[in-house]
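These protein sequence lines are chains A and B, in that order. My numbering applies: residue 1 is where the first sequence begins, and numbers increase by one. My numbering applies: residue 92 is where the second sequence begins, and numbers increase by one.
It should be emphasised that the hints constitute simulated quantities derived from the structure, not laboratory data. Positions of the beta carbon are idealized from the N, C-alpha and C atoms, including for glycine. Watch out, some of these pointers could steer you wrong.
As the list claims (entries may be wrong) - Computed beta-carbon distance windows for the label pairs:
1. 244(B) <-> 1(A): 23 to 29 Å
2. 214(B) <-> 64(A): 22 to 28 Å
3. 251(B) <-> 49(A): 41 to 47 Å
4. 43(A) <-> 167(B): 47 to 53 Å
5. 165(B) <-> 1(A): 43 to 49 Å
6. 2(A) <-> 248(B): 21 to 27 Å
7. 43(A) <-> 165(B): 45 to 51 Å
8. 64(A) <-> 251(B): 22 to 28 Å
9. 141(B) <-> 37(A): 14 to 20 Å
10. 230(B) <-> 35(A): 37 to 43 Å
11. 53(A) <-> 241(B): 25 to 31 Å
12. 211(B) <-> 11(A): 52 to 58 Å
13. 201(B) <-> 11(A): 49 to 55 Å
Letter by letter, the chains look like this.
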Amino acid sequence: MRNRLKVLRAERDWSQGDLAQHLGVSRQTVNAIETGRYDPSLPLAFRIATLLDQPIEAIFTPDSEEAGAPSAASAASPTAATPTGLLAASA
Amino acid sequence: MAVDVRTKAAGETSGEARAPSLWQRASSCLGDIDDPVGRRYAAWFNGAVLLAAAAMIGWALLRRQGVDRSLVPLLALAPVVPAAAAAWAYLRLLGRLDELQRRIHLQALGVAFGGTVLLTLAYGQLEREGIVPHMNWAFVWPVTSFIWAAGLWLANRRYA
Numbered sequence: 001m002r003n004r005l006k007v008l009r010a011e012r013d014w015s016q017g018d019l020a021q022h023l024g025v026s027r028q029t030v031n032a033i034e035t036g037r038y039d040p041s042l043p044l045a046f047r048i049a050t051l052l053d054q055p056i057e058a059i060f061t062p063d064s065e066e067a068g069a070p071s072a073a074s075a076a077s078p079t080a081a082t083p084t085g086l087l088a089a090s091a
Numbered sequence: 092m093a094v095d096v097r098t099k100a101a102g103e104t105s106g107e108a109r110a111p112s113l114w115q116r117a118s119s120c121l122g123d124i125d126d127p128v129g130r131r132y133a134a135w136f137n138g139a140v141l142l143a144a145a146a147m148i149g150w151a152l153l154r155r156q157g158v159d160r161s162l163v164p165l166l167a168l169a170p171v172v173p174a175a176a177a178a179w180a181y182l183r184l185l186g187r188l189d190e191l192q193r194r195i196h197l198q199a200l201g202v203a204f205g206g207t208v209l210l211t212l213a214y215g216q217l218e219r220e221g222i223v224p225h226m227n228w229a230f231v232w233p234v235t236s237f238i239w240a241a242g243l244w245l246a247n248r249r250y251a
C-alpha cells in the first residue's frame, strides 16, 4: 500500500514521535508505515484516518493505483448507469 | 503546495521526561525506546539474562574447587532465579508492544523455535552416535537466546 502519511503529518508540523504518541503506537511503526514497509491493521488505519480527519482511501492507496488518482470503478462515466444515460446509449 | 517534510530528532518527542540511558538504548531493539516503562522492562530483561549467565559461569567455576554438598542444589539452581525474572520482564514487555513490534517479536520467536529444533535435533543425533561430545541441557537456552536475538535484529532491520 502507498500512503500520504508523511505529507499529512508534515502539514500539521508533527514529528514521527508526535504522531506515534497520538496513535498510541511506537515511532518505529509510524516510520515503517510511512516508508511502505508495513501496512497497518484496519483498526489502526481507522485511527489514523480519524486523527488526520481524512477518509482512509485518501490516505492509503493500493500499489496498483497512483495516490490521489481515481480508481477504475470511479472513473466510469457518471451518466452511464443512470436511466437517462442508458436511454441515450440505446438511441 | 510545497510541504516541508521534517522529522524531528529522537528525544524531541513531547511527553518524554528524560533521555534514555546508554543501557536502555542498548535494550531498545526489544521494544519502543520512547516508552519509558517498556524501556525499563527491556533493561530488566537484559540485566536478568546477564545475571543468569554469570551465575551459570560462576557455578561452573566454583564446583571445580569443591563445595559443601549441602549447598550444591542451592548453588546449582541459582541461575534459575534471574532467568525467571527475565521471563517475567519479557512477558510484561510483550504486553506493551504495538502491532508491528508484536509481529517482529513473533518472527524472532519463530526463528528461535525453528533454529533450536533443528540444532538440538542435529546435535542429539550426532551425540547419540558418539561423533560430538555430550552437551548439558542447560546450554540449550543460550543457543536459543542467541538465535532469538539474531532473529530480532533481522526483523527490526526489515521494518527499519
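Hints, verified against the model:
no., hint, in the structure
1, 244(B) <-> 1(A): 23 to 29 Å, "holds (26 Å)"
2, 214(B) <-> 64(A): 22 to 28 Å, "violated (48 Å)"
3, 251(B) <-> 49(A): 41 to 47 Å, "violated (25 Å)"
4, 43(A) <-> 167(B): 47 to 53 Å, "holds (48 Å)"
5, 165(B) <-> 1(A): 43 to 49 Å, "violated (56 Å)"
6, 2(A) <-> 248(B): 21 to 27 Å, "holds (22 Å)"
7, 43(A) <-> 165(B): 45 to 51 Å, "holds (49 Å)"
8, 64(A) <-> 251(B): 22 to 28 Å, "holds (26 Å)"
9, 141(B) <-> 37(A): 14 to 20 Å, "violated (32 Å)"
10, 230(B) <-> 35(A): 37 to 43 Å, "holds (39 Å)"
11, 53(A) <-> 241(B): 25 to 31 Å, "violated (42 Å)"
12, 211(B) <-> 11(A): 52 to 58 Å, "holds (54 Å)"
13, 201(B) <-> 11(A): 49 to 55 Å, "violated (39 Å)"
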